[in-house]
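Student: Take a look at the letters that make up each chain.
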Amino acid sequence: MIVILIVFSLILLFLIDVRQLYNSKSRIVIATYSVLMLLGFMVLVIISLDLPVVSPSILIEKAVKFIIER
Amino acid sequence: MLKQTQISSAQLSILIMGMLLGSTIIILPGSGAQENAWIAYTLAWLGGILLFGCYYTLYRRFKDKTLVEIHRILLGKWLGNLISVLYIWYFIHLAALVLRNFGDYIITVSLSDTPLRFIIICCVFATGYSTRSGIETTSRTAELILPLIYVFQIIIFLILIPHFDLSNLKPVFYQGMRPVLRAAFSVLAFPFGETVVMLMLLPYANKDTNIKRVYLFSFFVAGLILLLGIVRDLSVIGASEIEKTMFPPHYTIQHLTGLNLDPLIGVFFFMSGGTKICCCYLAASIGVAQLTGSKDHRPFVIPIGVILVGLSIWVYDSAPEMLAWSKDIWPYYSIPFQIVIPLLLLVLSSFKGTYSKRQAL
Amino acid sequence: MDVILRRLAGVLQYLKYNTPKHIHTELSALQYGDNIPVSLEEAEAKLREILHNDESLILRPLRIKAFNHRALIIYINGLTDKKSIEVNVLRPLMTEEPPEDFSYCTNKEIINSLINEYIQSLDCIVEASLNAMIEKLMEGATIILLEGEATAIIVNSIEWTTRGVTEPETEAVIRGPREGFTEDILTNITLLRRKIKSPKLTFESTSLGTYSKTCVTICYLDGIADTEIIKELKKRLAAIKIDTILESGYIEQFIEDYPLSPFPSIGNTEKPDVVIGKLMEGRIAVLCDGTPFVLLVPRLFVENIQVSEDYYTRSLYATTLRFLRVFALFISTTLPALYVSIQTFHHEIVPFRLFIALTAAREGIPFTSVVEALMMVCIFELLKEAGLRMPKAVGQAISIVGAIVLGQATVEAGIASPLMVIVIALTAISSFIIPALDGTIFFLRIAYLIAGSIMGFYGITLAIVVTLIHMCNIKSFGIHYLSAMIPIPQSGLKDSYIRAPLWSLFFDNTSVSSSGDENPTND
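Listed in order, the protein sequences are those of chains A, B and C. When we follow this note's numbering, the leftmost residue of the first sequence carries the number 1, and every step to the right adds one. When we follow this note's numbering, the leftmost residue of the second sequence carries the number 1, and every step to the right adds one. When we follow this note's numbering, the leftmost residue of the third sequence carries the number 1, and every step to the right adds one.
Wrong hints could be hidden among the right ones.
Covered by chain B, according to a simulated footprint, are these stretches of chain C (three or more residues, beta-carbon under 8 Å) [claimed, not checked]:
#1 339-352
#2 451-457
#3 462-468
Computed list of lysine-lysine pairs in DSS-like fashion (alpha-carbon distance at most 27 Å, straight line) [as the list claims (entries may be wrong)]:
#4 B:K207 - C:K475
#5 B:K170 - B:K244
#6 A:K25 - C:K16
#7 A:K25 - B:K77
#8 C:K108 - C:K136
#9 C:K235 - C:K475
#10 B:K63 - B:K77
#11 B:K352 - B:K77
#12 C:K234 - C:K475
#13 B:K212 - B:K65
#14 B:K244 - A:K62
#15 C:K108 - C:K65
#16 C:K234 - C:K195
#17 B:K295 - C:K475
#18 B:K295 - C:K16
#19 A:K25 - B:K65
#20 B:K77 - B:K295
#21 A:K65 - B:K244
#22 C:K46 - C:K82
#23 C:K213 - C:K231
#24 C:K108 - C:K46
#25 C:K234 - C:K213
#26 A:K25 - B:K295
#27 C:K231 - C:K241
Simulated from the structure, these hints should not be mistaken for lab results. We put the CB at the ideal spot given by N, CA and C, even for glycine.
Only chain A is shown next, with the shape it has when bound in the complex (with noise of 0.2 Å):
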């Protein structure tokens, strides 16, 4: 399925930083590293398998047409 196609590509990704990680030695990097894989992993999830989450650009329009029409 296209999740562990997904998957083994982020795999695939990840291998190539992991030696420049190993050697950096500070956890915050890690750190954002991973979240920021998995929120990317996240949205292409999202959109592979066409779950029904809001997109941000549909928020920010609300947000801006309720400021605008006030």
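Based on the hints, put chains B and C in the right spot on chain A.
Tutor: Below, chains B and C alone, put in the same frame as chain A:
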């Protein structure tokens, strides 16, 4: 990437020109004002120079500090980091928009059967490689390929002169000033205000570059090219057609008899759009690197790339939605990022400056 | 987990130059001992044992008439100049009368006196270590051992047959010197010295290769070459641990910056005037014994479009030829890709009549454009390689096979379209204009072809941009690969895109400098 990597003034000016040209080659800015689009554009051009003045003063006050560091200095650690995170989200969003522009353009015009994801993945791969190699490589590559765009635009402009119908530019101010002002405001946000991204990259310029001159030069040249583009589009196809088509410059160039240059426009769009994406991508990576205290922005290139791929597909459902969004919503959404927060920072910096002077006394 | 990471790191290390961590231990079989045997019989037995009773090891005993002392002359047949040894060593030793005030001398005094008065050869030293003696013996020197003395006199009388100085086949010019390097390093150094008669031309030798002990010489102009690059080069050469060096290509692959990049970062040439021209610009040459190809470090991308003949012809013609070469580079990499993408995706870009010709040419071809193009590219590479390896006598067959069978017959059988044959022929001819980038152009051509077949013009653009980014990334010994082209040099484009008249080129001395890539370079 340490601050020792330096780019020369020519490379900096090419980066700024790339940022300004960006996706405006394809999406006509200021089309809300219809036949007065060029007036709206000129007004926004002047407004952009004012905005630049604000950014430049901010940069001058904090030499060699990127935007993230300025936030940290002025607003303290927690609030500064929060605002920096918001800015990084803004840069990523901007890059995703340009990517989506590019993908949609290719799918609409040439390769209609290719899935959008594939084009965006290829584009992110190329720009990610460039970003990962650092700002020096990016600016060198840009220096190699951007001048071709100018040559192309000027040649197209000259070739299309026989098709001009200058009466399309009149009547002036038929519907009054309000549509013009609204269109000017939207042009100010896209593309001129987006040079706030350069605030992240200016510290990497050579020590002895005259940033004011470089900036004004790029503004002038890029603005001139875009103005020529608007005048050309308005004169050839007229205001009503512009409202109907999705990509007006593409439709204009089809008026060339005998030759059909569709793919070439896409190629040049990729060059300018790619530079813009690279700048925003670089700014976001450097921002994350500085937030986490790391000296190297390289580890963060790939995760941000993954987010970009996903975000650019998630963010819109279709191309017309994207165009409408960029005209109507984008200006209001970028007000805080482009205008409010930099002005706030400027005020705060002058205030803090006098405050610390008073303390020293 | 650790093992996986280490394996990965092992793969990734090929991307960039790393000082090798595994250093071979010196083979203990190459140590023969430190002391030369004192008695002649012992020395003879030991040498025969070391050289495995080789027939070409000649040991000639003699009696030095002047001191009435037994001696032994050792040499290897084939490596020495026998005439000069007979005339300059044997004759004085065997015929000279003892001196008038002859009294019993110590062995040391005998050796001193032999060197100073009797041996009439130019190159004569004393050696006390057995290892060094065997090394010199294998190089071709003649050794004189005295009975009861543990030092040897070494007379350098090397002569062997080498190829004469001829025109190099790989770099033919219309105007310019036709001398080329040979396999003997002394001849090569002489060819270089003849062109620059100044003591600033510095040569520094080392010997690489534990078995081959090849003499490798670095050559540069003191004061013009950058000391940083010299230091880095010496460091990398010292880190080479290999058993034989057969060709300078071995050295090149050990010291290059990016082994996996398609662009070579070390240049090579066979002509002395090219080497001297580049030395004057601040580069460093590496000469290797046994090969006529001399390495030049560092190498920039501009050099691919410069040919030494450019500087011997007049400025206008040379500039035109340079543009032609850039154009040829562009064609030979992108023409098949452009053709395939126009056929597949972008029909609208060609004028109508040309489009009809294109479609008519492809009538009835069973393959898609991509497969056709790849097939023809492969056929052409096969032809090229076969033409190289084929003995000259049957060379005629190649042209017939290539032209008629694979060209004409393929078209007539309907497997390839004639337009494709034209495109591939043009590509091939353009690639011969820049022989230095042969391998590179092949890879780029295939890559662009595949990219163009996937995404049309956008694919080609993406592939070209990725190549450009890679080129902007590469450094050759600390200097950016695209140094002279981007950023556009502030002193003018006098030597990169165009070739300005010579009197304006030689204003600047140094052109290759690692201190600051933003500094304009004049090459």
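Student: Indicate, hint by hint, whether the structure satisfies it.
Tutor: Cross-check of the supplied hints:
1. 339-352: That given contact holds, which follows from 5 residues of the stretch 339-352 of chain C lying within Cβ reach (below 8 Å) of chain B.
2. 451-457: holds (count 3)
3. 462-468: It holds, with 4 qualifying residues against the three required.
4. B:K207 - C:K475: holds (23 Å)
5. B:K170 - B:K244: holds (19 Å)
6. A:K25 - C:K16: The given pair, whose Cα atoms are some 23 Å apart, holds under the 27 Å limit.
7. A:K25 - B:K77: Holds. A:K25 to B:K77 sits at ~23 Å (cutoff 27 Å).
8. C:K108 - C:K136: Measuring from Cα to Cα gives roughly 21 Å; hence the hint holds.
9. C:K235 - C:K475: OK: C:K235 and C:K475 at ~17 Å, within 27 Å.
10. B:K63 - B:K77: Judged against 27 Å, a Cα distance of about 19 Å means the pair holds.
11. B:K352 - B:K77: holds (16 Å)
12. C:K234 - C:K475: The hint holds at about 18 Å.
13. B:K212 - B:K65: holds (17 Å)
14. B:K244 - A:K62: holds (26 Å)
15. C:K108 - C:K65: Roughly 17 Å between the alpha carbons, so the hint for C:K108 and C:K65 holds.
16. C:K234 - C:K195: holds (25 Å)
17. B:K295 - C:K475: Status holds; Cα separation ~22 Å.
18. B:K295 - C:K16: holds (21 Å)
19. A:K25 - B:K65: Holds. A:K25 to B:K65 sits at ~25 Å (cutoff 27 Å).
20. B:K77 - B:K295: holds (18 Å)
21. A:K65 - B:K244: Judged against 27 Å, a Cα distance of about 24 Å means the pair holds.
22. C:K46 - C:K82: holds (24 Å)
23. C:K213 - C:K231: Measuring from Cα to Cα gives roughly 22 Å; hence the hint holds.
24. C:K108 - C:K46: holds (23 Å)
25. C:K234 - C:K213: holds (17 Å)
26. A:K25 - B:K295: Between A:K25 and B:K295 the Cα gap is close to 13 Å, so the pair holds against 27 Å.
27. C:K231 - C:K241: With a Cα-Cα distance of about 18 Å, the restraint between C:K231 and C:K241 holds, given a limit of 27 Å.
When each numbered hint is compared with the structure, no violation occurs for any of them.
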